[in-house]
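Can you make the complete structure from the sequences, with help from the hints?
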Amino acid sequence: MQRSGWSGTGRGYDKRLPDHSAAGYSKTRKQRQGPLHLAKRALTGPWRWLTAAALLVLVYGAWHLVGGRGGYQRRLAVLVAQTEAEHTATLMRLHPVHADWVRLQGELLDRGDLVREASADVERLEEMHNQRLESLDDLSHHNKSLAGQMKDAWQAEVVSSHDRLSQAKEQLEDVKWREDEIHAVVTQLHDEAVALSSAVIALGLRVVGGSSQEGPLDAGVLRMLGRGAVFDKDVLINAYRPHDEASAWHMEKGALKQSAGRLLGELPEGLQTPALRQGGQPPPRGAVVDADPRGPPVVMELVRPQLGDSQVLIQRHEAHESVKGARSGVVGNGVPPNSTVRQSMDGDVVFHAADQASIAHQKPAPGTSPSPIPASTGGKKSAEQLQEELSQKLAAMTGGEGFRSSRGGRAGRFSGSSKGAKAGAQQEDDSVRCRMSQICEGVLECGSGDELGCVTDTKERQAKVRAAAQWAWQAYRDHAWGKDELLALSKTSSQWFNLGLTLVDALDTLLLLHLDAEFEEARKWVAVSMEVAQNSAVNLFETTIRVLGGLLSAFHLSGGDDVFLFRAAELGVRLTPAFNSPTGIPFSDVNLKTLHATQPRWTPSSSTSEATSVDLEFTFLAHAAGEKEGAQKSVAAVEKLVANPSLVEGLAPIYVSPHTGGFAGSQITLGARGDSFYEYLLKQWLLTGKQNDVLMRGYKAAMRGVRALLLQTTAPEGGLLYVAELHSKSLFHKMDHLVCFLPGTLALGHWHGVSTGEVHEPSDLDIAQQLMATCYEMYRRTPAGLSPEIVFFDAHEDLGSQGNADYPKQHAGDVGGGDFHVKPQDAHNLLRPETVESLFVMWRVTGDALYRTMGWHIFRAFEKWTRLESGGYTNLHDVLKVPPPRRDKMESFWLAETLKYLYLLFDDSSPAVLPLDQYVFNTEAHALPILGSPADLALKSHYRSGPFGSPLPSNASAEERAQAWRKASAELAAEQYPGATSSTARLLLQRWLSGSSFPAS
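In this text, residue positions in the sequence shown follow full-length UniProt numbering: the first is 1, and each later residue adds one.
Honestly, the hints are just simulated from the structure, not real lab data. Just so you know, nobody snuck in bad clues.
For lysine to any residue, the following SDA-like pairs were computed, each having C-alpha atoms within a straight-line distance of at most 20 angstroms: (1) K459 <-> V913; (2) K593 <-> A537; (3) K464 <-> A517; (4) K483 <-> S494; (5) K176 <-> R116.
So this is what it looks like as structure tokens:
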């Protein structure tokens, strides 16, 4: 049979045309088997039902593939929104609990302070008890009964101190228990918040870019994405909660990288909220974000509450690794270029994204150079660049608060570019203050939260100090008017003497700073409302230097205003009975109404500094008002102690007995209870026109004793010079901040031609300059840039020994720089003035601008940490922490001394305000004219010999003299403020005018 397509002759393949004429044959086999033919046969043949079923399955599969995937994405978006809402709710629950925990931490610190104070009180009383027993030997020979009573009383005080210590420890344990309990709740809520935040980011990324690179989802989360599933917060928390510290850090690092480098940098327009697309700022934390119709609300924050180590932000800069520019909106380093950082909820760090449209127009922080970032770049940035950018953002939003890395280093100076800061510095500052508070030597740049760093003009600096005084005064006026002291944090007040302490202490400051309206208002209070005759015991020393000194200085600087002189005279008369002791050494306290002088219950001895540091004020009172008794007795008391044979090379122990006139104990210090004794030896000599040789001999002897016994250095070369203490003939390497009065005192004596050393020894000015450097380092070498109350110095005698070979370089970044350390109970700062006082004197004496620079850095630290936005300033609890915890008190000497000296430090008036050859500052910074100087003679016509122009009768009692000055004050107040005189003053005035009181003078 012949095959189709082959010829019968066998000559090969023969393509033949089909025979279209053949019956039943119209197409070739190949054409009959084409797709259309097969489809036709499938639809018309016996397989048509099977074909229809297959088509239905195919259509359903395609629909399910498209619609199901979209449904999954929608359910995923809803889950993201639900998780974000739950995250916000968790934060809202965390906030009040966290606030309670922070409050308990503060209470824990306070209770710990009380325990430490009680413990120190026990030690002090036990030591004092032993010293008192020694001092009783003389008294026992004269009065055994009295000696026995005093011994019993002292023993009772020691027992009472142990009881107080036990009670303080019990209270501390109670607070610890409560703090532990609430900390557990805070930790749980914090972990939930972190887990939910991570869940929002991880699930949000799936909405943005799919799941191909995100790994498989947790089984519980997958079940929640099924149809009809119920949202379960616990499932998400369990899925995204870190199980250990390493995974917790890895999770947060990854979350930050994702949010900064992808979720925020690559966010498609369809998934941005309307506010972001319109160029607005992201909503605040906790705000409800309206969902966009084209996508879910995407996470806008990453929260990490402060628990334990709050300084975590700088660690996170390592997570800002470069992200390749897979999309046009990616910034090279993976950090949203206009992202901002702010501090919230007691230290929570919150990252926000801003609209990418504003990237090219990003404004630099004040004081920094603009550095535009391209909208798209594929390059990487170094860790230093990331660190620098993050630091600038922190500065803009947190005011430069000190965030630390885990290595203890700074992540850059928040006042500006770290590179710029280093370039502009004459010598790089490696101090802990520079790293932690961004107050650096040689860096003159401003940033957000630090508007003082770039201020270089002296007048502008003085204006800043004046503004600070106004801020402090306004807070006192608003919350503590007429009271002794302002409690700035609680916006309340406290009473000590009931004499308007802060108001009177600040009178001359208001005058010097030309705060005229404030001064006039304060003057009216003194004239109308001040009540001197308080029926309570006040401390002779504190009342004299602050209130009496403040009134006398205000009298002189106001040009002889009798309102202040009359009040000062009455007060001085009422304080004078304190000298009515068996020996003339004044008692510590005196009741201003009953005129009865006493010792406090805790000691029969007076502090040496308090008993001998009131003669300046009483001397000028005698000169200006004729009240001579206080001057005579106060000077006699000092001369008595200067001649005491128990002095140790001119140095006095810090306790003296008004009963025996002898010193109690053997502790010698130029700090607390000893300081102003030495200061007033020089200043009283100056005030009286350099006439009292006894006091000058005492001053020289004491300073020679300081040179011989107390001056020490921390190292033979490159160490700090300091003033140690002497305890029972043993050196104690402790120095109070109060000792920092000494550089100024030595320089002042040098300026007046006083020399206390031998020819071959360093001059007083040389020693003053070295001690001034030490006092400044007590500020510079603390994290807060402010001095603690007490430091303990460390000796490095053998620099070649192990541990000292690299001194001081190895300690450069430490607190104290290897030269000193600070105990926790001594780390507080009370806004003290001694260092800035000495800086002012050193500037006046040497003219070296270095001392102005030092003062400016100290003022910056005060402004940074002690200023309250709600008004006023406050003490600090611990300068070793950044930010330092605060105490609730603004000392009166903040206005009276610290700000006054800072203002005068930056004064360039010619002639100088309050020149040193015409004025002496008392230990509260109240300026008194040197007797016989031009400043004194200018007001000679305003001085008086009595309240009514003539001396009072010589037989007049102290009460009668005080009433006479009181009457003069009342008459003056009625004349000048007829509508404001108090009812009591009017009644007294009517009684006096009727002739029923004091006999006519």
